[in-house]
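*Asks:* Residue numbers (full-length UniProt numbering): 1 to 211.
Treat each hint with caution, since some may be false.
[Stated by the list, open to error] Straight-line alpha carbon distances no greater than 20 Å define the calculated DMTMM-like cross-link-like pairs of lysine to aspartate or glutamate that follow:
#	residue 1	residue 2
1	183	198
2	200	45
3	111	198
[Claimed, not checked] Restraint-style ranges between C-beta atoms, simulated for each label pair:
#	residue 1	residue 2	range
4	50	178	44 to 54 Å
5	78	207	30 to 40 Å
6	147	105	17 to 27 Å
7	203	62	29 to 39 Å
8	182	80	33 to 43 Å
9	147	48	48 to 58 Å
10	124	207	28 to 38 Å
11	56	207	16 to 26 Å
12	54	79	39 to 49 Å
13	56	101	51 to 61 Å
Just so you know, these hints were derived from the structure itself, not from any lab.
Beta carbons are placed, not taken as given, at the ideal position from N, Cα and C, and that holds for glycine.
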Amino acid sequence: MNLHHHYWISSQNLNKRPDKIALKGGNYMKYRYRQDLPKKSLSTDKIIFLIIGGLTFLALVLIFIFSVSEQKQINGAVKIASYNTNDQAKPEAAADSTFSDLGSMKVNEEKAAQFTIENKGNKPLQLFKVSSSCGCTVGIITIDGNISPEFGMHNNSNWSGEILPGKTASLSVIYRPYIMPVKGPVTRDVFVTTNDPENKLLTFTVKADVE
């Protein structure tokens with residue numbers, strides 16, 4: 001008997017029963033249904049290939065979603081006007097003070113210092129990229145009654161405010177020691193970026209003695 005069997009499809013059988021296959025070997029012939037034939041299983045290499053392909057596709061989709069989201073944020077940001085130091089028409093940022101001593105306070109207390117930012121130039125002064133030196137300290141800017149969000153250490157906001165020539169804005173620097181408890185003398189800062197070419201970064205500092 002020939003031990004090497006071969007599968008072949010009979011055209012006659014296909015006309016009668018397209019789901020039948022004749023199994024022919026040395027001295028015998030019998031019919032089997034296709035679903036009875038041994039089924040090939042996926043190899044390990046194919047399975048790994050499919051998994052890698054799926055993960056790659058998912059990564060590409062996520063990259064696309066994040067890039068679209070980031071582009072929307074960029075497009076939604078307010079355009080900042082830029083000036084040179086030798087321009088005759090430009091904004092000019094001035095602060096009444098940049099330091100305040102909050103005195104003694106307990107860890108569970110909250111204290112704030114107020115500062116004034118004035119535009120002494122002849123072009124609108126824009127404030128943006130406001131942040132702080134610690135998560136326990138935030139800055140809030142008020143312009144013409146419009147109050148900004150709180151700006152902390154890891155600020156990623158597209159917010160910007162505009163001070164017209166001769167006008168002012170108020171900055172509130174709030175210190176909350178209970179967020180990062182410490183004792184003794186402490187100093188914290190709030191940073192405000194401006195489009196004044198000669199004063200691009202304003203730094204406001206508060207000091208406290210935490211008991």
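*Asks:* Please test the hint of 33 to 43 Å on the beta carbon pair from residue 182 and residue 80.
*Replies:* holds (36 Å)
*Asks:* Sort out whether residue 198 lies within 20 Å of residue 111, counting only the CA atoms.
*Replies:* Given pair residue 111, residue 198 is violated - Cα atoms ~31 Å apart, limit 20 Å.
*Asks:* Would you check the hint for residue 183 and residue 198, treating anything up to 20 Å between C-alpha atoms as holding?
*Replies:* Judged against 20 Å, a Cα distance of about 37 Å means the pair is violated.
*Asks:* For the pair residue 203 and residue 62, does the Cβ-Cβ distance stay inside 29 to 39 Å?
*Replies:* Holds, at about 38 Å.
*Asks:* Do residue 50 and residue 178 keep their Cβ atoms within the hinted range of 44 to 54 Å?
*Replies:* For residue 178 against residue 50, whose Cβ atoms are near 53 Å apart, the range 44 to 54 Å holds.
*Asks:* Given the hint of 16 to 26 Å, check if residue 56 and residue 207 actually sit that far apart at their C-beta atoms.
*Replies:* Once the Cβ atoms are compared, 54 Å apart, the range 16 to 26 Å for residue 207 and residue 56 is violated.
*Asks:* Do the beta carbons of residue 56 and residue 101 sit within 51 to 61 Å of each other?
*Replies:* holds (58 Å)
*Asks:* Cβ-Cβ distance between residue 124 and residue 207: within 28 to 38 Å?
*Replies:* For residue 124 and residue 207 the Cβ distance comes to about 32 Å; the hint holds.
*Asks:* Take the C-alpha atoms of residue 200 and residue 45, compute the straight-line distance between them, and say whether it is at most 20 Å.
*Replies:* With Cα atoms ~58 Å apart, residue 200 and residue 45 exceed 20 Å; violated.
*Asks:* Does the Cβ distance between residue 147 and residue 48 fall inside 48 to 58 Å?
*Replies:* Roughly 56 Å apart at Cβ, these two residues keep to the hinted range, so it holds.
*Asks:* Do residue 147 and residue 105 keep their Cβ atoms within the hinted range of 17 to 27 Å?
*Replies:* For residue 105 against residue 147, whose Cβ atoms are near 24 Å apart, the range 17 to 27 Å holds.
*Asks:* With 30 to 40 Å as the target window, see if residue 78 and residue 207 comply at their CB atoms.
*Replies:* holds (33 Å)
In this structure, the earlier hints numbered 1, 2, 3, 11 are contradicted, and the remaining ones agree with it.
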